[in-house]
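Chemist: Sequence:
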Amino acid sequence: MKNKIGAYIAYLKYLWRSSDQHSVHSPFVFELLTKCIHKVPKGSKTSAYNQAIKAYLEKKNIPLISPLTELTILETSLTNRGVTAYFVEEINADFKQKELWQKLISDKNIQISIDYWSFGLIFTKKDQEKEHFILFKNSWR
Numbered sequence: 001m002k003n004k005i006g007a008y009i010a011y012l013k014y015l016w017r018s019s020d021q022h023s024v025h026s027p028f029v030f031e032l033l034t035k036c037i038h039k040v041p042k043g044s045k046t047s048a049y050n051q052a053i054k055a056y057l058e059k060k061n062i063p064l065i066s067p068l069t070e071l072t073i074l075e076t077s078l079t080n081r082g083v084t085a086y087f088v089e090e091i092n093a094d095f096k097q098k099e100l101w102q103k104l105i106s107d108k109n110i111q112i113s114i115d116y117w118s119f120g121l122i123f124t125k126k127d128q129e130k131e132h133f134i135l136f137k138n139s140w141r
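Take the sequence shown: its letter number 130 is residue 130 in the working numbering, and every next letter is one higher.
Calculated directly from the structure, the hints in this document are not laboratory data. From the three backbone atoms N, C-alpha and C, an ideal C-beta is built for every residue, glycine too. Some hints could be false.
Cβ pair distances, simulated, as ranges [stated by the list, open to error]:
no., residue 1, residue 2, range
1, A93, G43, 14 to 22 angstroms
2, D127, I5, 40 to 48 angstroms
3, D127, I9, 33 to 41 angstroms
4, I5, Q102, 16 to 24 angstroms
5, Y14, K42, 17 to 25 angstroms
6, R17, S47, 23 to 31 angstroms
7, L12, N61, 19 to 27 angstroms
8, N3, H25, 33 to 41 angstroms
9, R17, K42, 19 to 27 angstroms
10, Y8, T46, 18 to 26 angstroms
11, K4, K35, 32 to 40 angstroms
12, K126, K4, 36 to 44 angstroms
13, G6, K103, 18 to 26 angstroms
14, W16, N61, 34 to 42 angstroms
Given only the sequences and the hints, what does the whole structure look like? Please build it.
Modeler: Right, here's the structure in full:
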C-alpha cells in the first residue's frame with residue numbers, strides 16, 4: 001500500500017511540474033513535439049512513440065539509441081561527437097530507473113532531456129544550452 005501511495009504522490013508532483021508544448025522555447029524540441037510526437041495517437045504504448053521518434057530522427061540523420069536502460073550502456077555510448085538521441089524506457093518505474101534518469105540528465109554530455117513520465121529522451125547536441133523539459137503527454141491534443 002505504501003508503494004502505491006508513493007507512486008501516486010510522485011505522479012501528482014510530475015503533473016504539477018509538467019507543461020505543454022507552449023512552454024518549449026527550443027526550436028529543436030518544439031519541432032520534435034509538433035511534427036513527430038503529436039502525430040502518435042493518444043493512448044499509444046511507449047513502443048509506438050519509440051518507433052515514431054526513431055523514424056523522425058532518421059530523416060534528420062540523428063541516430064536514436066534504444067532502449068537505454070543500463071548505466072554500462074550509457075558509459076560506452078556518450079563518447080559520440082555529433083547529435084545522438086537516447087530513448088529511456090520507464091523512467092519512473094522504480095527507484096533504479098529514477099536513479100538512472102537523474103544520472104543521465106545531470107551528465108555534462110547531455111544538453112537536452114525530455115521527461116514524458118513513462119519514458120524520456122536525452123540528446124547530445126553540442127550547439128545547444130543544457131535544458132530539461134517535463135512535458136505532459138495528454139495536453140498535446
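Chemist: Now tell me if each hint is right for this structure.
Modeler: Right, here's what the structure says about each hint:
1. In this structure the supplied range 14 to 22 angstroms holds for A93 paired with G43, their Cβ-Cβ distance being about 19 angstroms.
2. Taken as a hint, the range 40 to 48 angstroms holds for the pair D127 and I5, whose Cβ atoms sit roughly 43 angstroms apart.
3. Roughly 38 angstroms separates the CB atoms of D127 and I9, a value that falls within the hinted 33 to 41 angstroms.
4. In this structure, I5 and Q102 meet the distance hint of 16 to 24 angstroms, their C-beta atoms being roughly 22 angstroms apart.
5. In this structure, Y14 and K42 meet the distance hint of 17 to 25 angstroms, their C-beta atoms being roughly 18 angstroms apart.
6. Restraint check, R17 to S47: a C-beta distance of roughly 26 angstroms satisfies the suggested window 23 to 31 angstroms.
7. The hinted range of 19 to 27 angstroms is not satisfied by L12 and N61, whose Cβ atoms lie roughly 39 angstroms apart.
8. Against the hinted window of 33 to 41 angstroms, the Cβ-Cβ separation of N3 and H25 comes to about 36 angstroms, which satisfies the hint.
9. Between R17 and K42 the CB atoms are about 21 angstroms apart, so this pair conforms to the stated range of 19 to 27 angstroms.
10. Range check, Y8 to T46: Cβ separation about 20 angstroms, and the 18 to 26 angstroms hint holds.
11. Checked against the given bound of 32 to 40 angstroms, the beta carbons of K4 and K35, roughly 37 angstroms apart, stay inside it.
12. Distance hint check: the CB atoms of K126 and K4 are about 42 angstroms apart, consistent with the given range 36 to 44 angstroms.
13. Take G6 and K103: their Cβ atoms lie about 21 angstroms apart, and the range 18 to 26 angstroms holds.
14. Restraint check, W16 to N61: a C-beta distance of roughly 37 angstroms satisfies the suggested window 34 to 42 angstroms.
Against the hints set out earlier in the document, a violation occurs for number 7 only.
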